[in-house]
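Quick note, the sequences are listed as chains C and R, same order.
Numbered per the working numbering, the first sequence spans residues 30 to 338.
Numbered per the working numbering, the second sequence spans residues 466 to 642.
Hints listed in this document are in silico derivations from the structure and should not be mistaken for laboratory results.
Each hint should be verified, as a subset may be incorrect.
Unchecked claim - Keeping only pairs whose Cα atoms sit at most 27 Å apart, straight-line, the calculated DSSO-like set for lysine-lysine is: (1) LYS69(C) x LYS544(R); (2) LYS185(C) x LYS216(C); (3) LYS180(C) x LYS226(C); (4) LYS563(R) x LYS69(C); (5) LYS54(C) x LYS554(R); (6) LYS185(C) x LYS286(C); (7) LYS131(C) x LYS544(R).
Owing to the predicted nature of the structure, the values given are computational and were not obtained by experimental measurement.
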Amino acid sequence: MQGLSVEHLLGIKYLKTSDIDLIFKTADHFKEVINRPIKKVPSLRDITIANLFFENSTRTKLSFELAEKRLSADVINFSAGQSSVKKGETLIDTVNNILAMKVDIVVMRHGNVGAGVFLSKHVDAKIINAGDGTHEHPTQALLDSYSIREKLGTVKGKKVVIIGDILHSRVALSNIFALQLQGAEVKVCGPTTLIPKYISSLGVTVEHNLKKALEWCDVANVLRVQHERMDIKYFPSTREYTQLFGINQEILSNLGKKIVIMHPGPINRGVEITSDVADSDQSIILNQVENGVAVRMAVIYLLAQQIKR
Amino acid sequence: MSKKTLLNSKDIEIILHRLACQLIENHNDFSNTVLIGLQPRGTFLANRLMELLKTAYQIKDLKLGLLDITFYRDDFRRKETPLVAETTKIDFLIEDKKVVIIDDVLYSGRSVRAALTAIQSYGRPENIELLVLIDRRFSRHLPIQPNYRGRQVDAINEERVLVTWKETDKKDAVYIE
């Protein structure tokens with residue numbers, strides 16, 4: 030049995046299908062662990078992990094921290110808001126200072142594309158990308174695929190539509206890579222202004238009609254409109270967006286089949302998805318959150334296995 | 466190196482019956498006892514004992530769990546090949562239960578040490594006993610001894626004790642090579 034083919038988790042595009050299989054198999058075991066009365070294993074008791082979040086995060090940060098603690102690693106947390114970054118320190122200096130404290134793994138979220146790759150070339154620690162700008166968010170894509178696999182048995186051959194703000198979404202890009210590696214068909218759906226111009230070169234199809242996209246798919250992954258990343262107006266009004274691309278129970282009931290609804294969170298209820306859909310039995314949004322911990326445990330465990338003392 | 470047969474299938478059958486009887490002696494009807502087979506190799510022995518207790522000795526309501534100890538091992542990151550976990554399947558709480566841990570070969574005692582830690586995740590048992598088919602008594606790294614042993618073997622460290630089961634390896638046998 031081989032380990033991971035990569036030394037860091039910087040993006041799904043660096044992974045092979047066998048890596049994803051290995052991560053999922055390992056995650057199966059950790060899912061069993063986190064459902065025990067005592068949800069902790071001692072595997073990583075001599076490993077120290079730094080969570081560096083230069084951008085805001087609630088779910089991903091909590092999920093990583095929980096995964097690390099369930100593996101018995103020592104954890105230090107850093108949020109840019111309360112740090113010397115505001116005093117003008119560079120990324121490498123910040124990280125080197127943290128590494129001087131003997132950190133083995135760095136989990137980093139950063140606003141700049143490629144921050145993880147840059148870091149992996151300059152510091153001696155395992156890097157896990159927890160989101161770099163509008164580029165990749167590999168663990169989210171892994172947990173999304175893992176949740177589809179859990180719900181539908183396999184990802185291979187499934188039709189997945191990603192709906193919403195594709196342009197600003199690292200979740201969309203990582204998901205496209207991950208789903209294609211596992212043999213799923215991917216379609217993106219959203220307003221013309223929020224679909225990147227050359228997206229079809231990745232082998233995905235584009236659809237601007239929500240109803241047609243939903244009729245085609247087995248799984249709909251609904252994304253949030255990322256107002257904070259928008260420098261200009263990409264659509265006239267939130268109301269219009271909701272009317273054209275918002276998912277409600279009525280649209281789903283008229284499909285004649287039951288599709289799986291996913292959302293990486295945070296949800297803007299009533300904008301891209303209505304509350305009754307988000308809380309329905311078609312939605313696996315909370316399963317995604319639970320699986321997030323198991324999948325992140327698997328990724329950390331497998332990378333930690335490569336650390337030699 | 467030459468391969469010497471230590472136990473054949475007939476020997477193993479006799480030993481299994483003896484172990485089953487010894488278990489019954491201490492645990493009566495097993496109403497407060499659970500059996501835990503260690504993944505991967507201990508589960509064959511555990512399953513076999515379970516069948517025997519049910520069919521030959523009419524014990525009902527036996528509880529058997531399978532425990533994987535990968536995440537509790539002390540050689541994590543000390544081997545070239547990654548450690549791959551097996552399934553853990555324990556559908557019951559072991560709080561205040563008598564636990565019998567079952568493995569095929571007791572060698573350094575490190576797997577059993579890991580199992581003792583792992584089992585705590587499922588509650589606080591009343592007590593824990595250890596049953597092994599082969600006890601290599603001179604190669605222990607830790608102060609761990611079995612309560613029930615099939616056969617004691619004084620193999621030297623370079624020798625390997627190999628247990629095969631008919632479920633996967635066509636026949637029941639124990640070899641030294």
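- request: Could you grab the alpha-carbon distance between LYS185(C) and LYS286(C) and see if it respects the 27 Å cut-off?
  value: Judged against 27 Å, a Cα distance of about 19 Å means the pair holds.
Check your understanding: Holds or violated: LYS54(C) with LYS554(R), Cα cutoff 27 Å?
Key -> holds (15 Å)
Regarding the pair LYS180(C) and LYS226(C), is the alpha-carbon distance no greater than 27 Å? It is violated: about 32 Å lies between the C-alpha atoms, which goes past 27 Å.
task: Mind checking the alpha carbons of LYS131(C) and LYS544(R) for me, to see if they're no more than 27 Å apart?
output: Holds. LYS131(C) to LYS544(R) sits at ~22 Å (cutoff 27 Å).
*If you draw a straight line from the CA of LYS563(R) to the CA of LYS69(C), is it 27 Å or shorter?*
holds (23 Å)
Agreement of LYS185(C) and LYS216(C) with the hint, judged by alpha carbon distance not exceeding 27 Å
holds (15 Å)
Run the distance test for LYS69(C) versus LYS544(R): straight-line Cα separation, threshold 27 Å. holds (23 Å)
Of the numbered hints given earlier, the model fails hint 3 alone.
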